[in-house]
Every structure is written in C-alpha cells, then in structure tokens.
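2 protein chains.
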Amino acid sequence: MSNVSIIGIGKTNVREHWDTSIRHLAWYAIEAALDDAAISKVDSLYVGNMLAGQLSNQNHLGALVADFSGLRGIEAVTVEAADASGGAAVRQAVLAVKSGLVETALVVGVEKITDETGTPVNAALASGLDADFEAIQGLTYIGAGALLMRRYMFEHNVEVADFAGFSVNAHANGASNPMAMFRNRLKPERFAMAPLVADPVSLFDAAPTGDGAAAIIITRTERARDMVPQPVEIAGSAMATDTMGLHDRKDILRLAAAANSASRAMEQAGVTPEEIDLFELHDSFTVMAALSLEASGFAERGQGWQLARDGEIGLDGRIPISTFGGLKARGNPIGATGVFQVVEVAQQLRGQAEANQVDGAKMGMAQNLGTTGATAVTHVLRLS
Amino acid sequence: MSNVSIIGIGKTNVREHWDTSIRHLAWYAIEAALDDAAISKVDSLYVGNMLAGQLSNQNHLGALVADFSGLRGIEAVTVEAADASGGAAVRQAVLAVKSGLVETALVVGVEKITDETGTPVNAALASGLDADFEAIQGLTYIGAGALLMRRYMFEHNVEVADFAGFSVNAHANGASNPMAMFRNRLKPERFAMAPLVADPVSLFDAAPTGDGAAAIIITRTERARDMVPQPVEIAGSAMATDTMGLHDRKDILRLAAAANSASRAMEQAGVTPEEIDLFELHDSFTVMAALSLEASGFAERGQGWQLARDGEIGLDGRIPISTFGGLKARGNPIGATGVFQVVEVAQQLRGQAEANQVDGAKMGMAQNLGTTGATAVTHVLRLS
Numbered sequence: 086m087s088n089v090s091i092i093g094i095g096k097t098n099v100r101e102h103w104d105t106s107i108r109h110l111a112w113y114a115i116e117a118a119l120d121d122a123a124i125s126k127v128d129s130l131y132v133g134n135m136l137a138g139q140l141s142n143q144n145h146l147g148a149l150v151a152d153f154s155g156l157r158g159i160e161a162v163t164v165e166a167a168d169a170s171g172g173a174a175v176r177q178a179v180l181a182v183k184s185g186l187v188e189t190a191l192v193v194g195v196e197k198i199t200d201e202t203g204t205p206v207n208a209a210l211a212s213g214l215d216a217d218f219e220a221i222q223g224l225t226y227i228g229a230g231a232l233l234m235r236r237y238m239f240e241h242n243v244e245v246a247d248f249a250g251f252s253v254n255a256h257a258n259g260a261s262n263p264m265a266m267f268r269n270r271l272k273p274e275r276f277a278m279a280p281l282v283a284d285p286v287s288l289f290d291a292a293p294t295g296d297g298a299a300a301i302i303i304t305r306t307e308r309a310r311d312m313v314p315q316p317v318e319i320a321g322s323a324m325a326t327d328t329m330g331l332h333d334r335k336d337i338l339r340l341a342a343a344a345n346s347a348s349r350a351m352e353q354a355g356v357t358p359e360e361i362d363l364f365e366l367h368d369s370f371t372v373m374a375a376l377s378l379e380a381s382g383f384a385e386r387g388q389g390w391q392l393a394r395d396g397e398i399g400l401d402g403r404i405p406i407s408t409f410g411g412l413k414a415r416g417n418p419i420g421a422t423g424v425f426q427v428v429e430v431a432q433q434l435r436g437q438a439e440a441n442q443v444d445g446a447k448m449g450m451a452q453n454l455g456t457t458g459a460t461a462v463t464h465v466l467r468l469s
Numbered sequence: 086m087s088n089v090s091i092i093g094i095g096k097t098n099v100r101e102h103w104d105t106s107i108r109h110l111a112w113y114a115i116e117a118a119l120d121d122a123a124i125s126k127v128d129s130l131y132v133g134n135m136l137a138g139q140l141s142n143q144n145h146l147g148a149l150v151a152d153f154s155g156l157r158g159i160e161a162v163t164v165e166a167a168d169a170s171g172g173a174a175v176r177q178a179v180l181a182v183k184s185g186l187v188e189t190a191l192v193v194g195v196e197k198i199t200d201e202t203g204t205p206v207n208a209a210l211a212s213g214l215d216a217d218f219e220a221i222q223g224l225t226y227i228g229a230g231a232l233l234m235r236r237y238m239f240e241h242n243v244e245v246a247d248f249a250g251f252s253v254n255a256h257a258n259g260a261s262n263p264m265a266m267f268r269n270r271l272k273p274e275r276f277a278m279a280p281l282v283a284d285p286v287s288l289f290d291a292a293p294t295g296d297g298a299a300a301i302i303i304t305r306t307e308r309a310r311d312m313v314p315q316p317v318e319i320a321g322s323a324m325a326t327d328t329m330g331l332h333d334r335k336d337i338l339r340l341a342a343a344a345n346s347a348s349r350a351m352e353q354a355g356v357t358p359e360e361i362d363l364f365e366l367h368d369s370f371t372v373m374a375a376l377s378l379e380a381s382g383f384a385e386r387g388q389g390w391q392l393a394r395d396g397e398i399g400l401d402g403r404i405p406i407s408t409f410g411g412l413k414a415r416g417n418p419i420g421a422t423g424v425f426q427v428v429e430v431a432q433q434l435r436g437q438a439e440a441n442q443v444d445g446a447k448m449g450m451a452q453n454l455g456t457t458g459a460t461a462v463t464h465v466l467r468l469s
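Taken in sequence, the protein lines are chains X and G.
Sequential numbering of the first sequence, starting at 86, is according to the working numbering.
Sequential numbering of the second sequence, starting at 86, is according to the working numbering.
Don't read these hints as lab results, they were simulated from the structure.
Heads up, some of the hints might be wrong.
Each pair may be met inside one copy or between any two copies, as identical chains are not told apart.
As the list claims (entries may be wrong) - With a cut-off of at most 20 Å between alpha-carbon atoms, the simulated SDA-like pairs for lysine to any residue come out as follows:
#1 K447 <-> E352
#2 K126 <-> R157
#3 K447 <-> E360
#4 K272 <-> N98
#5 K447 <-> P314
#6 K126 <-> A341
#7 K126 <-> E116
#8 K447 <-> L468
#9 K447 <-> A123
#10 K272 <-> I337
Given only the sequences and the hints, what does the whole structure look like? Please build it.
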C-alpha cells in the first residue's frame, strides 16, 4: 500500500464574499492548487461541503465543481459530516489514492453563506446536531458550545476570562495572515467585555462563519517526489464518531472521537504528541480548543485552558495552535474548514508561512470536528 | 490490492413510510445486512443520501446513523451526488476496503421524503440540477427528463407509445416483488392514457419518489469467502461525471458519464456487455432506460427503446433490466436507489430473487445516475 503526499495547495481568503458564487470560490482554490502542483488534470474530486443544499439550493457539487473547474468528466462526489466535511473529504481522497484505483485526487472544501437564500443560517448549522432530539428543542450550534463551556467552567472551576488566551492567540496570528477574516489583535482586557452570544459564549469565544474555499492535491508519495520540490506526506489519517447528541455522552467534557482519531493518526505516523510541532485544531469555540488539546494528548483533563494562559500555544510555544488565526480569526467556512487546516499545516512544513511561520516545523497535525465532536478527523503531516 | 466482496445485504420496502423516521429506515436496512452477514460490527459507514438536509433539517447522517444503529464510534460519513448518492457511497466503500485502511465497510442508502417539512420536494430534487442556470429558470428534475424524451422522440423518430415496454416490464417485475412500491401490472394499452406530468413525460414514464433504505456490507474477497457461503464480488467499479447542465452538452442523447463508467467497470471485470446477465439501470424516466442501454453497450444509438418493444428486457430476455421493478415500480428513494440496485443484483447472483429470478445469473451490473447523467456510477458484480 502506497503512502500519500500533498503536491498542491490553494485557498481563497475567508470573508463575506458578496460577489462570488460557490462554484467560483471552489474554482479559485482549485486553480491555485493546480498551479501549485504544476498540473492541469486530476483523476477524482472530493468536495467537502455542508450547507449548499440548504443555503444555495445546490446539491450535486461534485459534478458541478468538476465541470466548472475545467475538469469535466472526472469522478467527483460531495462528502458531508457537518463542519468536519472538509477533513472527511481529505480522508476519502487518502483512501482513494491508497486503493490504487485513483492516481491523483483533488479535494476542495467550500462553503458560501453570505447573500444566500433558503434556510436561515443558524437553522442550517443546527442540522449538524440531532434534528429530532436537539435542534427541535431549540438547541443551536452555538448553544451546544455554550453547554460545553458552562460545564467545563463548573467542573474544572475556571472562569470566562480563563479562556481569553485562545482568542488572543488566534487574533494575533490572524493579524499577520493576509487571508484571514479578522486581522485585528485582541487585547486580553477586551475579552471579558465582549457581548454574549449564548451565555457563557461571547463574541470573542465563538468563531465567525465565513465564505471561502481551500484545496489540496494528493498522489502516491514516490510519484510526488518526482513532481514537486516539497511534497508533504499524509503520515497519519483517522476518522471516528461519537454520540450524535450531547445528552447521550457519559462525559461531555471528553471528546471521544477526537481522542480516538488523534491517537490512531499519531500511531500510524509513529509519533507522540511531544513530536508534533504545530496543531491546527477546531477552535469553533474557545472551549473546543481546550477540549481538543486534552483529547489529543497535549494536556491533562481540565488543563487545556492552562496552555493558553501560559502562552504555550503561540508560534514559539510548546504546541502552536491556530497558526493562521484558526477558526476564530482566519474564519470558519464550515465545510471548507478542514481543508484550510490541512493547507495551513502544509504551508508550515514547507516553510511558507511567512510571518506566521513556526520555526523548524517538521511534523504537524490537523483536527477537524463535526459540531460538538460527533465526528472527528485527524491528519498527521510531515515533509516527504 | 485486494478484491472486494459483498457479505451482507438488507433493505426496507419502498413506500410512503409515514410512521418511520430517517434514522429508523437506515437502521432497519443495516440490521438486515448485519444479520445477513452474521456480524455485529463494522469499521466504517458510508451513508448515501441527497435530501435529508433540505427535507428533514438533518445533516451529519454519518454520525447519527452510526450512533442510532449501535455502531457508535466508527468512522462514518455522508456521500452525496444527487440521485447517484447511493452508488457513490458504494464506490467510496470499495475504495476504502481496497485501501487496506478499512477492513469491513457498511453502506446504507437512505431517503425519507413523506411527511417531511422544509423545502418542497420538487424544489429539493431540482437542487441536483444547476441551481444558477437550470433550476432558477424553472427547470425541474422531471422537466429535464421531458427535455431528453422530447429530443429522443424527435431525433430518432419514435412516439410516446414506443416507450411503453419499459414501464410494462418494470411493473410486471414490481408485481412479484413484495418490497416494491407499486405492485400493479400495467397493460400496454393503458400506457398512452396516462396523465401528463411534464409533456411528453407521463405518470407511467416517471418513476415515483418513495421512502426507503438499503444496505450492503463489504470486505476483502479472501476474507469474505471464509465468512459467508455466497460472497458476491464487486469485480468492476467506476464513476464519472458529465456537464452539469444539459445546455452544455454537444449531444444530449449521449450519456457520456454512463458510457465512461460502464466501459471502465466492465474492463476491470474483464467482461463485455454480452456477458452481463442482468442490468439494474437508472430508469427514473423511460427515456433514461433507453439512453442507459445505449450508453452501456447494449444497444446502438437510438435503438435502446427497441429492446423494450421486442421483449428483450424481461426476466428471460437478452438483457433483463429493472428485475425487481426498477425505479419505476420498486420506487425511487433518491439517495438510496443506487444501493437498492446493488442489493438486487446480489440477490439475483445468490439465486435469491424468488419470482423475480433471472435463471442462471452469474454476472450483473448496476448503474446509478445523478439527474440527467451528470454523475454515473457503475458496478459489475459476480459470485466470488
């Protein structure tokens, strides 16, 4: 079975793209990835997307995006797992190339939220929760984050202000990323003054949804080495699920799927958390960043927030996270987010992160979560 | 690279399931497939579904169905390609097992249309077309079928009544399938009396949408032989796309994606159309049956309809199609249809089709199309 490497990456910036349709967003990222790989065709396409059916009345994105991107005729499909759709699409592409039936696979994560009609955005986002047992009771995506944060504060005896470090770090990194949605630095003392969105989640705890697309191209590692100067190997790839509803979890502060997928991905790559140089995690809410660090072996239970307090998550810290701003400042283009994470890890390993570079980064990890961690996809990357 | 075989199959009947939710439908089919394979767990789940987000406010079906079906924790994802979602999900499972990273994969195609709220069904179905260039102009799923049928009639000089044989055959086979949506036989003389749905497509040309679920379980062929008495090998698997919009095709009467995927799947299996004993094709409209037969090498261009006229598509004909009623009489549960097709071919090869048995069936093919053939997935099956 072949190893798999990334030979091309591309992305749009994340913002309100009032003037750009979903097919254009996908195409811009694909064009950049094809240029980066210096190729003009691929064998198959995996589109990570959650909301196009509900927000754009557009399903069947595989055929649409292939056609519009000048790749008419290739195998193409949409992969959906709520806000883990992008990571799940990367996972399908890895399986496809490893199968030997597909030589070169393209993944594009794309989401278009601004200026769309159809279902209201918060209702569409809530379709990632259990419709019959959560959403119908009024629970929203942000409300679920609030339940987790409240419980974390209660159980671990921490306060709202203790989460500030995650947002301050994300905004610091976003400030130097020209593709980020928010490029303003956040002063720690401003954090506690933010308006509440869903108590205790404030505007500075919650990542903003945005429009955008990111793409990667992968092929067998031995082939990749002949094609590009710096192929990035996908050394570990794992996906897992947890209960759909929070109410079914024995312990809502343990992200079982994240733990499962992270440990298996690291085992495949033959590394421990200590050897990971940066970690693009799913900071949809500050509490999710803390829980992901704990689930993935970077902190003990209840202590993830301390990494932020102690400055360990910065670009020169023990475990840099959200190095381009994360979901919080780069923005959260839902079904595209997981592909953005992989692109950013690849940029770091290729030494192309510019002002956001983690010095000497040789091993990186990306973890994409669906809603409250009902789905988790983890990839470990290193230079081939 | 391992070959892949089916070790379990299951399905619900197709009808208006007023009393059954989408998770229950999926579970019933999964339970039947697990029982058939005599196993209780699998490594990953691929859900074929198109409409749950729009009709049931429920995305994230991978995690939901895994959880509800007693498979909590496994890798799980939704695969979407309009009404080819089921076939596309089978394709992803095949790639997953062939990759060596997944040992046993479960596929469930599921769709729930009856009694759902949200987007009107015809608008949701139209999301499989190009939203910006087709659906927004008022084109519907059925309207697209009507355009194809009208052009076929014009170019090949045939009349509405010449399509009757497809529906008569489908209803004859549906009549003896206890799981079919329509179990009434159709008299040829009644065909021309049917009310129009979208001129020239009548009620008897168009397949009815219905609720239902079908499931298969696959693993490596060498392992399958030790597990079940009659594993069915997936000897060929291919997927392709065409232009999204009909207006972009140089020749709308040639299903390029169907032709591409069928020829590659047959090549992988090392067979020619003459060696295929039955063909579960995508008869969403009678004209689609004719076009699929032509694209897949069973008839010359413009002559597919003659196979129906001449009785060649019956259970004892040259190329039996829609052997359990097809989309027309078994019913078309959109995102589940492609999995129903594969289950039905497996039943034929295992000699378990009862009154619908094609005598001596050794090699079967299933072809699932997205809308007007913008996506096509073809699988060739034989006893392992």
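Quick one: K447 to A123, C-alpha cut-off 20 Å, is that within a copy, between copies, both, or neither? Neither way: K447 and A123 sit 24 Å apart in one copy and 46 Å across, limit 20 Å.
Which holds for K447 with E360 at a C-alpha limit of 20 Å: within a copy, between copies, both or neither? within (9 Å within a copy, 53 Å between copies)
What label fits K126 with R157 when the C-alpha limit is 20 Å: within, between, both, or neither? Only inside one copy: K126 and R157 sit 10 Å apart there, 38 Å across copies, limit 20 Å.
Up to 20 Å between alpha-carbons, please classify K126 paired with E116: within, between, both or neither. within (11 Å within a copy, 41 Å between copies)
Up to 20 Å between alpha-carbons, please classify K447 paired with P314: within, between, both or neither. within (15 Å within a copy, 50 Å between copies)
Pop the pair K272 and N98 into one bin, within, between, both or neither, using alpha-carbon distances up to 20 Å. Neither: 24 Å inside a chain and 60 Å across chains, both beyond 20 Å.
When Cα atoms must be at most 20 Å apart, do K447 and L468 count as within-copy, between-copy, both, or neither? within (7 Å within a copy, 48 Å between copies)
Status of I337 relative to K272 across identical chains (alpha carbons, at most 20 Å): Close neither inside one copy (31 Å) nor across copies (60 Å); limit 20 Å.
Quick one: K447 to E352, C-alpha cut-off 20 Å, is that within a copy, between copies, both, or neither? within (17 Å within a copy, 43 Å between copies)
Can you tell me if K126 and A341 fall within 20 Å by alpha carbon in one copy, between copies, both or neither? For K126 and A341, only the inter-copy Cα distance (18 Å) is at most 20 Å; the intra-copy one is 39 Å.
In terms of the numbered hints stated before, the structure departs from hints 4, 9, 10, listed from lowest to highest.
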